[in-house]
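Trainee: So you can see what is in the structure, the chains are spelled out below.
2 protein chains.
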Amino acid sequence: MDVEKVNSMDFGEFVDVFGNVIERCPLIAAAVWSQRPFSDLEDLEKHFFAFIDALPQSGQEGILRCHPDLAGRELQRGALTAESLREHSGAGLMSLGAAERLQLAELNAQYRARFGFPFVLAVRLGDREAVPRELARRLQCPPAQELRAALGEVKKIGRLRLADLLGSPPAQQ
Amino acid sequence: MDVEKVNSMDFGEFVDVFGNVIERCPLIAAAVWSQRPFSDLEDLEKHFFAFIDALPQSGQEGILRCHPDLAGRELQRGALTAESLREHSGAGLMSLGAAERLQLAELNAQYRARFGFPFVLAVRLGDREAVPRELARRLQCPPAQELRAALGEVKKIGRLRLADLLGSPPAQQ
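Same order as they appear, the protein sequences are chains A and B.
For the first sequence, the working numbering gives the first residue as -4, with consecutive numbering after it.
For the second sequence, the working numbering gives the first residue as -4, with consecutive numbering after it.
Since the hints were made in silico from the structure, they are not lab data.
Don't be surprised by glycine CBs; every beta carbon is placed ideally from N, CA and C.
Fair warning: there could be bad hints in the mix.
[To be verified] Some chain B residues close to chain A (C-beta under 8 angstroms, calculated; not the full set):
(1) Val12
(2) Ala26
(3) Gln30
(4) Glu56
(5) Gly57
(6) Gly111
(7) Ala125
(8) Leu134
(9) Cys136
(10) Ala144
(11) Leu146
(12) Gly147
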């Protein structure tokens, strides 16, 4: 899909295609449509990220709270979005043993209790062994630093999803 | 449900219950959770509305773009949210004749083309005859005035949905 195609979309088409670039936040894609036309993938991405950065802290936390626990209840009950399911699958998180699932469930619960949002990680950039390691490490971070780190992961996930949709390599950091 | 129950919810429960107070915008409920504890229904409502008011214009338009056309394609293909389906049903919008559906489809398309978001109306406060009449009237409004009017309807819908959830009469304006 090229950028002319993107720029020709009405808002309904745009939200259908880009509504889950930020997990379960079609509001953000629907807002970004106001900024068209876009010059390229990087420009489109820039508007998604600028919207996130401009939200009050409660809104940024709200974005995180729309994410599932990694390898958590949504996976078990088949309630992941298509994008998240693909990312779980690619990272090998569909085939964890009971002990690994229990370990992750406990770490996820500790993380949620400490920060008030779920642990978010761009798992396509790592492997399944990295998940509990990163979770345990980030559990120790100060809350303000951890909010920034988590939003950084949201953006990495969004960048990869946008690149998938547009059939291009992700824009450089 | 009383406010103590609401204040005791973790964010997952809160988003499960209040995630569609603003149509297809769970991000907003997820953000409002940051403001707990709430003193009463009116206080909870105030935080939903304050979040909407603080968004940039693109975000406010984004909220509107997450709404379905009234008696439109989402109704036809069974893709309305439970709340919206109930509101459509209560207003008699499930049983329109072909001529009425066509009239609404044409007015909805004109409205979308003029304003860049769908026509939103708190149909529980009117009747099915009011829908095309209000649509035709609001089509003539200046865009800035119409954005305010449309967000006012989003808030009326949110107020009624919150009152349903909490089992209370809606807070006074």
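Trainee: Hints first: check each against the structure and report whether it holds.
Mentor: We went through each hint and held it up to the structure:
{"no.": "1", "hint": "Val12", "in the structure": "13 angstroms, violated"}
{"no.": "2", "hint": "Ala26", "in the structure": "3 angstroms, holds"}
{"no.": "3", "hint": "Gln30", "in the structure": "7 angstroms, holds"}
{"no.": "4", "hint": "Glu56", "in the structure": "5 angstroms, holds"}
{"no.": "5", "hint": "Gly57", "in the structure": "3 angstroms, holds"}
{"no.": "6", "hint": "Gly111", "in the structure": "6 angstroms, holds"}
{"no.": "7", "hint": "Ala125", "in the structure": "24 angstroms, violated"}
{"no.": "8", "hint": "Leu134", "in the structure": "17 angstroms, violated"}
{"no.": "9", "hint": "Cys136", "in the structure": "19 angstroms, violated"}
{"no.": "10", "hint": "Ala144", "in the structure": "18 angstroms, violated"}
{"no.": "11", "hint": "Leu146", "in the structure": "13 angstroms, violated"}
{"no.": "12", "hint": "Gly147", "in the structure": "18 angstroms, violated"}
Hint compliance for this structure: hints 1, 7, 8, 9, 10, 11, 12 are not met, and every other hint is.
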